[in-house]
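Number of protein chains: 2
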Amino acid sequence: MEMYDLIVVGSGPGGYVAAERAGALGKKVLLIEKGFLGGVCTNWGCIPTKSLLNGAKQHKHALEGERFGLEAQSVGYNLEKAMAWKQDTVETLRGGIGFLMKSNKVETVFGEAIFVDPHTVKVGETVYKGDFLIVATGSSPFVPPIPGGKLSHVLTSDEILSVEKVPASLTIIGGGVIGVEFASYFSMIGTKVTVIEMMDEILPMMDADFAKMMRRELKGVNFKLGCKVEEVTPDGVLFTDAKGAKQDLESELVLMSVGRRPNVGGLENLKLDIGRSGVVVNEQLQTNIANVYAIGDVNGKSLLAHSASRMAEVAISNIFGTTKQRMRYNAIPWAVYSNPEAAGCGLTETEAAKRGIAIKSHTTQMRSNGRFLAEQGKRAGGLVKVIASSETNVIVGVHLLGPYSSEMIWGAAAIIEAELRIQDVKEIVFPHPSVSELIKDACFALDHTL
Amino acid sequence: MEMYDLIVVGSGPGGYVAAERAGALGKKVLLIEKGFLGGVCTNWGCIPTKSLLNGAKQHKHALEGERFGLEAQSVGYNLEKAMAWKQDTVETLRGGIGFLMKSNKVETVFGEAIFVDPHTVKVGETVYKGDFLIVATGSSPFVPPIPGGKLSHVLTSDEILSVEKVPASLTIIGGGVIGVEFASYFSMIGTKVTVIEMMDEILPMMDADFAKMMRRELKGVNFKLGCKVEEVTPDGVLFTDAKGAKQDLESELVLMSVGRRPNVGGLENLKLDIGRSGVVVNEQLQTNIANVYAIGDVNGKSLLAHSASRMAEVAISNIFGTTKQRMRYNAIPWAVYSNPEAAGCGLTETEAAKRGIAIKSHTTQMRSNGRFLAEQGKRAGGLVKVIASSETNVIVGVHLLGPYSSEMIWGAAAIIEAELRIQDVKEIVFPHPSVSELIKDACFALDHTL
Numbered sequence: 042m043e044m045y046d047l048i049v050v051g052s053g054p055g056g057y058v059a060a061e062r063a064g065a066l067g068k069k070v071l072l073i074e075k076g077f078l079g080g081v082c083t084n085w086g087c088i089p090t091k092s093l094l095n096g097a098k099q100h101k102h103a104l105e106g107e108r109f110g111l112e113a114q115s116v117g118y119n120l121e122k123a124m125a126w127k128q129d130t131v132e133t134l135r136g137g138i139g140f141l142m143k144s145n146k147v148e149t150v151f152g153e154a155i156f157v158d159p160h161t162v163k164v165g166e167t168v169y170k171g172d173f174l175i176v177a178t179g180s181s182p183f184v185p186p187i188p189g190g191k192l193s194h195v196l197t198s199d200e201i202l203s204v205e206k207v208p209a210s211l212t213i214i215g216g217g218v219i220g221v222e223f224a225s226y227f228s229m230i231g232t233k234v235t236v237i238e239m240m241d242e243i244l245p246m247m248d249a250d251f252a253k254m255m256r257r258e259l260k261g262v263n264f265k266l267g268c269k270v271e272e273v274t275p276d277g278v279l280f281t282d283a284k285g286a287k288q289d290l291e292s293e294l295v296l297m298s299v300g301r302r303p304n305v306g307g308l309e310n311l312k313l314d315i316g317r318s319g320v321v322v323n324e325q326l327q328t329n330i331a332n333v334y335a336i337g338d339v340n341g342k343s344l345l346a347h348s349a350s351r352m353a354e355v356a357i358s359n360i361f362g363t364t365k366q367r368m369r370y371n372a373i374p375w376a377v378y379s380n381p382e383a384a385g386c387g388l389t390e391t392e393a394a395k396r397g398i399a400i401k402s403h404t405t406q407m408r409s410n411g412r413f414l415a416e417q418g419k420r421a422g423g424l425v426k427v428i429a430s431s432e433t434n435v436i437v438g439v440h441l442l443g444p445y446s447s448e449m450i451w452g453a454a455a456i457i458e459a460e461l462r463i464q465d466v467k468e469i470v471f472p473h474p475s476v477s478e479l480i481k482d483a484c485f486a487l488d489h490t491l
Numbered sequence: 042m043e044m045y046d047l048i049v050v051g052s053g054p055g056g057y058v059a060a061e062r063a064g065a066l067g068k069k070v071l072l073i074e075k076g077f078l079g080g081v082c083t084n085w086g087c088i089p090t091k092s093l094l095n096g097a098k099q100h101k102h103a104l105e106g107e108r109f110g111l112e113a114q115s116v117g118y119n120l121e122k123a124m125a126w127k128q129d130t131v132e133t134l135r136g137g138i139g140f141l142m143k144s145n146k147v148e149t150v151f152g153e154a155i156f157v158d159p160h161t162v163k164v165g166e167t168v169y170k171g172d173f174l175i176v177a178t179g180s181s182p183f184v185p186p187i188p189g190g191k192l193s194h195v196l197t198s199d200e201i202l203s204v205e206k207v208p209a210s211l212t213i214i215g216g217g218v219i220g221v222e223f224a225s226y227f228s229m230i231g232t233k234v235t236v237i238e239m240m241d242e243i244l245p246m247m248d249a250d251f252a253k254m255m256r257r258e259l260k261g262v263n264f265k266l267g268c269k270v271e272e273v274t275p276d277g278v279l280f281t282d283a284k285g286a287k288q289d290l291e292s293e294l295v296l297m298s299v300g301r302r303p304n305v306g307g308l309e310n311l312k313l314d315i316g317r318s319g320v321v322v323n324e325q326l327q328t329n330i331a332n333v334y335a336i337g338d339v340n341g342k343s344l345l346a347h348s349a350s351r352m353a354e355v356a357i358s359n360i361f362g363t364t365k366q367r368m369r370y371n372a373i374p375w376a377v378y379s380n381p382e383a384a385g386c387g388l389t390e391t392e393a394a395k396r397g398i399a400i401k402s403h404t405t406q407m408r409s410n411g412r413f414l415a416e417q418g419k420r421a422g423g424l425v426k427v428i429a430s431s432e433t434n435v436i437v438g439v440h441l442l443g444p445y446s447s448e449m450i451w452g453a454a455a456i457i458e459a460e461l462r463i464q465d466v467k468e469i470v471f472p473h474p475s476v477s478e479l480i481k482d483a484c485f486a487l488d489h490t491l
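Keeping their order, the protein sequence lines are chains A and B.
Residue numbering for the first sequence follows my numbering, starting at 42 and increasing by one per position.
Residue numbering for the second sequence follows my numbering, starting at 42 and increasing by one per position.
These are calculated hints, taken from the structure and not from any lab test.
Keep in mind the model is a prediction, meaning the values are calculated, not measured.
Keep in mind that the hints are not guaranteed to be accurate.
[As the list claims (entries may be wrong)] Among chain B residues calculated to face chain A with C-beta under 10 Å, some are:
{"id": "1", "residue": "Met42"}
{"id": "2", "residue": "Met44"}
{"id": "3", "residue": "Ala97"}
{"id": "4", "residue": "His100"}
{"id": "5", "residue": "Tyr445"}
Don't be surprised by glycine CBs; every beta carbon is placed ideally from N, CA and C.
Please take these sequences and the hints and turn them into a complete structure.
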């Protein structure tokens, strides 16, 4: 029977990073994966969607680039080629993770893990023993029990990545990040898209001014807010609108993106505390069983790929490291890769109000920025918001809506993590011309002293 | 005669920011501009080039997007429309600066400033007096005394922005940032481009590995390194190549981009110390005349628009502020907006070696990154380099070559300014998938402990 320092179950951005980091420290590590290396993120999430969105953005640019001097005739979108590109990207990355495991001497086993006890996992008939166990089993799309929810034209976010033709119409149930990214994608390639959201606004991690601007900028997407889906029919969706009237929407396809649920099935023998949102963990990502850690979506703390990876590092530091880190959630960025993009890090105004934190905030229109104007023009919408503590002037939130948001936001994570104040950011030199300069502009608007 | 707290001469990114910041502090400010508000940056530099480059990138995408699913026929480039877009952008921004001056109660006068003495400036017959004077007169393209250098097909970077048709061929003399950006632009719109550089590598602010990769990725641009231009002829350029052989290159247009010189003409009456690279200033940007400050290209310290703006803030803090800041040059980012982009901040390996600073450095290929692969593919080149002090682990340099570089680099300026160490950056959460994650990867490669 093989003995390991660490057994990791699940090879998504939580599991494979945990295995990699432990391997790099010279530990004997086993990684168990029932499907493909990389988990949902690599195979049905972050990566395939970004592959497709990039091509769709280029398609949109080709259609709308005349003002910049671009001439193009018969612009079209070939879904088959786009899907082949996506698949090639996914397989390359999967291969990259395999290589990373090998180079860090991580042993990988494919198959369903059966948890026997906190030190024992079986795959098929083979028994593996480990000093430590990391549960990184992820989450799955939640399909609510709506009549008609199992009809064949109702797809989850996994399944919609395999459509073979561009649908004429698509109804997306749920206006969170996944719903909005698919809305943007399909609307860019010519599908008539409707998003039905039960709450009175989309994208709940954003302040309402950002969500409203996002709806405005997602041209061609029809949003139905405050609406409750009653039934999926063979031809579309029946819902009750915000005024209580019944409506019937025709739709070729329906995407169910109302949320995800932690994959906690099969963990029973570990006797873990499991709450409503997943496996209960402390700040060290340790469960109630001392040698068992739970990271990523399965603990329900922050359902983001990069949160899972950071949790992996924190868990490994606590298990094998020279530092004993704790997981902090105050500077985790998020990004929406729609067109336009959005990203944020730290507190929103709404969240600050809810928690009773006294803040000052300034929001700048992106069209005051040189690069934004040069590339988007004066009629395009975009926002930058900087939020600081009223008391200390420490930056506690940065929010972006517009081009490059997803690649600018890491700097916000850095300044929030480093607890820089408004006056510190005012002394940072931003490159000109760049959209990022707006962050400095917002800081000067909050405090124009020198 | 009008009396001012401050007279600023030159309305580029140094001068207009100085006027704005002083105005915001309630000072009575006069801004004198002989041409257009915004100076070279807004009118013949940063902004028009970025407007054109964006359109050219879209043209290139439309030509090469088939692998992403894009279909387009008869792809072409309409220079007239591109130029109109560029002009509209420039005029909008000029208008924006005018608005900014009004809203900060800055008085603006158009005309050539005649410096009478350190407190007195004339424009035409009108005399203006100021307690303080900021010289922000910028720089001009240097045209070396080469035979044929004044022929009509030899253009400076100002003049090439007004070409009326796409040239069949263009020879660029000088492979610095300006030369490379125009090389990228014209090669993307179909011109046959040759860059002749006297040194043995282009882009001297980069390490050689980056410059080499840039040359490789600027497909279609022919680089002639270590070559000395002897003469411009009516049909092209005569030069001596690296082996000492004479060569004759046919070229419809020639761009002279060998450098810029500070505009120090007319300053005589101020009796300023003027060195080889411009007006001599101390760390406060003060000249040898106590009430006269010199900021931006005219002092030759750092010929970048955003350096000028930062110098404006430092000068105003020293003149009117509650803080007395000094100008620091260690965390000023630079960006090249070619396709691919590049950007950097802080020390290169070359510079560290020259200064005898002990460093550790790691360079990562961008193709190990999910987003890069999804958008560029596995054959594209891109690099991320992180440099830290061997002694303290403080990050002293970050260098990027690849998409989004210009918008990611502000975070590097922030971490260098905040003196974060490798282990601090490892604890920052970067959004997934983003190219920016490579910065964290490089930090883990430098130190994989946890």
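Status of the hints after comparison with the structure:
The interface hint given for Met42 of chain B is violated, since its Cβ lies 28 Å from the closest Cβ of chain A, which is over the 10 Å cut-off. At about 22 Å, the closest approach between the beta carbon of Met44 of chain B and any beta carbon in chain A exceeds 10 Å, and the interface hint on this residue is violated. The criterion of a C-beta within 10 Å of any C-beta in chain A is met by Ala97 of chain B, whose closest approach is roughly 8 Å, and the hint holds. A distance limit of 10 Å between C-beta atoms decides the matter here; for His100 of chain B the minimum to chain A is near 5 Å, and the interface restraint holds.
A least Cβ separation of about 4 Å between Tyr445 of chain B and chain A falls short of the 10 Å threshold, and the interface hint therefore holds.
Consistency note: the structure conflicts with the earlier hints numbered 1 and 2.
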